[in-house]
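K.L.:
Using the hints, position chain B against chain A.
Take a look at the letters that make up each chain.
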Amino acid sequence: MAADDHRSHDHEHGSELSDLQLRVRALETILTEKGYVDPAALDRIVEACETQIGPHNGARIVARAWVDPDFKRRLLADATETANALGFVSPVGSHLIALENTPQTHHMVVCTLCSCYPWEVLGLPPVWYKSAPYRSRAVIDPRGVLAEFGVSLPPETEIRIWDSTAETRFLVVPMRPEGTDGWSEERLAGLVTRDSMVGTGLPEQPEEAAAEAKQ
Amino acid sequence: MSNTIHDMGGMHGFGPVEVEPSEPPFHEPWEGRVLAMQRAMGYTRLWTIDGGRASLETLPPLTYLAASYYQRWFLGLERRVVAHGLVGADEIEAGKSLRPGRGLNRKLTAADVPNVLTRGNYERPARAPARFKEGDRVRTRNIHPTTHTRLPRYARGKLGTVEAIRGCHVYPDTAAIGAGDDPQWLYTVVFSARELWGEAADPKIAVSIEAFEPYLTAA
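Quick note, the sequences are listed as chains A and B, same order.
Numbered per my numbering, the first sequence spans residues 1 to 215.
Numbered per my numbering, the second sequence spans residues 1 to 219.
No incorrect hints appear here.
Simulated coverage check for chain A against chain B, where a stretch passes if three residues somewhere in it have a Cβ under 8 Å from a Cβ of chain B:
#, segment
1, 18-30
2, 41-53
3, 153-165
Partial list, derived from the structure: chain B residues whose beta carbon lies under 10 Å from chain A:
#, residue
4, P25
5, E57
6, T109
7, D112
8, L117
9, L186
These are calculated hints, taken from the structure and not from any lab test.
Quick reminder that beta carbons are idealized off the backbone N, C-alpha and C, glycines included.
The following block holds chain B by itself, in its conformation from the complex:
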C-alpha cells in the first residue's frame, strides 16, 4: 500500500546501521527454503513481483517491524498462497495438505532453476512517446493511493530534474493489483537534498528515484 510501514526513507529512530562481518548467505537453513519457495512460486506467474511486494507491505506494521527479512517473506508468501486459493487457511492451520492442488501453468523444475536466477525483464513496448526528456524539470505528484505505489513519500510533490530515460516498463501501481502491465515510461529523476529535506540539508547531496511517468508533472 501507499503510506504503509515499508516506506522508510527519511524516518528517524531506528538506530545505527549494524554490519555483520563475513555474513553468510543464510543464517538458518529455513531462510534458504523460504527464498527458494518464493522463487519457485513466483515462477508460476500467478502473481507479479509487485503483487508480492504489496503482500509484504500490507503486513500489520508491528509484525513488519519485528519480523526479520525472511520472516516477512514467509508471512507474505503464506498469505499470498491463501489469497490466490492455492492453499486453504485450514491447511495452513493443519500444517499439511488436505486436498489435491489445482493445476498450474508452469512449475519450476530443477533444470529450469538457472532461468530464475536471472532477474526478469520488465521493459514493454511503448504506446506513446516519452513525455519528458533528459534535463527537463519535473514535479512529482502529491499522491497517496491506498494501493501499491513505488513513489516514496519523501519524494512526493518535489521539484527534480530528469537525468535519464530508462525505457517503458511494467507499471507497478497497476500490476500489483492485478490491473495489468499498463506500461509507462521510467525516468531517473534527481532531487537536491535541500529540495527533499529543507534548507539545512547538505548542498553537496543529491538523491534520485526511478520515477514512472504518471508520478510526474512538467514544472
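Just chain A, same shape as in the assembly:
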C-alpha cells in the first residue's frame, strides 16, 4: 500500500476538487523537476485528445464500409490495416476488430474490468462507458441497458456482447439507414454516431439529420 491511502479518503465524497487540482499540479511539478516529463509533450497529448482523435475517424470508416463492399470485406478481415489505409492523423493500433451489425445480430462492446476502448477511432471513452452502471450491467442485462439508450431491438435479434478483456479492440459497423441511396460518403458519415459504433445506439436516420440541420 502506498503513501496515498490515508489521503485518498479525502476524496470519497468528491468534494475536494480544488485539493485534487493542487495535487495534480504538484505531481506534474515533481515529475517535471525530476526530469521525467516534458510539459510541452503533455500539452501536445492534451491537444491531440481535444482536436485530433474522436468519433469522426470511426464515422469515416463506417461510411466507407457502407459505400464500398470491397472495403467492408477487407475491414471485417483486418480492421487495423484497412483503417490505416485511410490515413488518419493518429494511426490505428494493432488488433482492431470490426463487427458488422445485421438484422440477425446486434453487437455491443464493453470493458467490464476497466475501460478499454478503441480511442484512435472513437476518441476518449465517455464517462458512461467507464461507469459502474454500464460495466456491471452490459453483460447481464444488455436489453435493459439498450433501453436506457433509447434502443429497442426486435426480440428475435441476437445480441452479442464483446467484453474487451485483452488488447484487442472492437468497432461496431452499424447498419446503413434506409433512405440513404446515392448519399455521398461524407454525408453518410454525418449519420454515424459514436454510440452506434459502440453498439449502444443506432445511426441517425436521414429525417433526424435533416431536422438537426434546420435548427
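P.N.:
Chain B alone, transformed into the frame defined by chain A:
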C-alpha cells in the same frame, strides 16, 4: 488483483446508465494533465499497461467506487511513481521535488507524441502451437489468483466455444507483476447468456471474452 472491486460484470445496484449529451473530452483541465502524465510515464517503460491496471484495481474499494475515472488514474499514478522509487512519499507529501530524479531509459518529447497516440502492439512470437482451434468447446478455469488477471469472475468455470484465434500476446497475469511477457495464445471465447446467468437468461444473448490460453481447458 483478481477478486477486487474493478471486476464489475454482472453486479447489480449501480443504477441506470447516465448519458451526458455533447460530452467534452475533459470536464476539467486537470483531467487532461492526468491523462498526459499517464501516457508520458507509460512511455518510460518502467511498468507495463497491466501493471498500471493492477495499481488501479488495488485501490481501496471505497476509494475506487467514489473516485471519478481520472481521479482513479491520478491515485494509481501517484502510488506507481512512489512504488517504483521515482518519487519519494515525502516529496508527494511536500508537493515538490526534494531530490534530483533518477535516469530514465526513455523520456517522451513533444516530437514523439504522435507515437504514443497509437496503441502498442502486444502480439509476440509463439513458443508453441495454439492448443485450441475455432469451434472447439472449452471450459474456463475456476481460478482466483490474488494477483492481476483478465479472466472476469462471471466467466470462470463456464462452458464456451472458441470463435477466433487472435494471435499470441503478452500475458497480463505475469506482465502485471513484473514476471515477464510470457506470451500466450489469445482467443475470443463466446458463452450463451444461459451458461453465464442461468436458465432464466434470454436465449438470444451471447457474451464473449478475450481469453488467454492458460484460462482455458478442453471440454
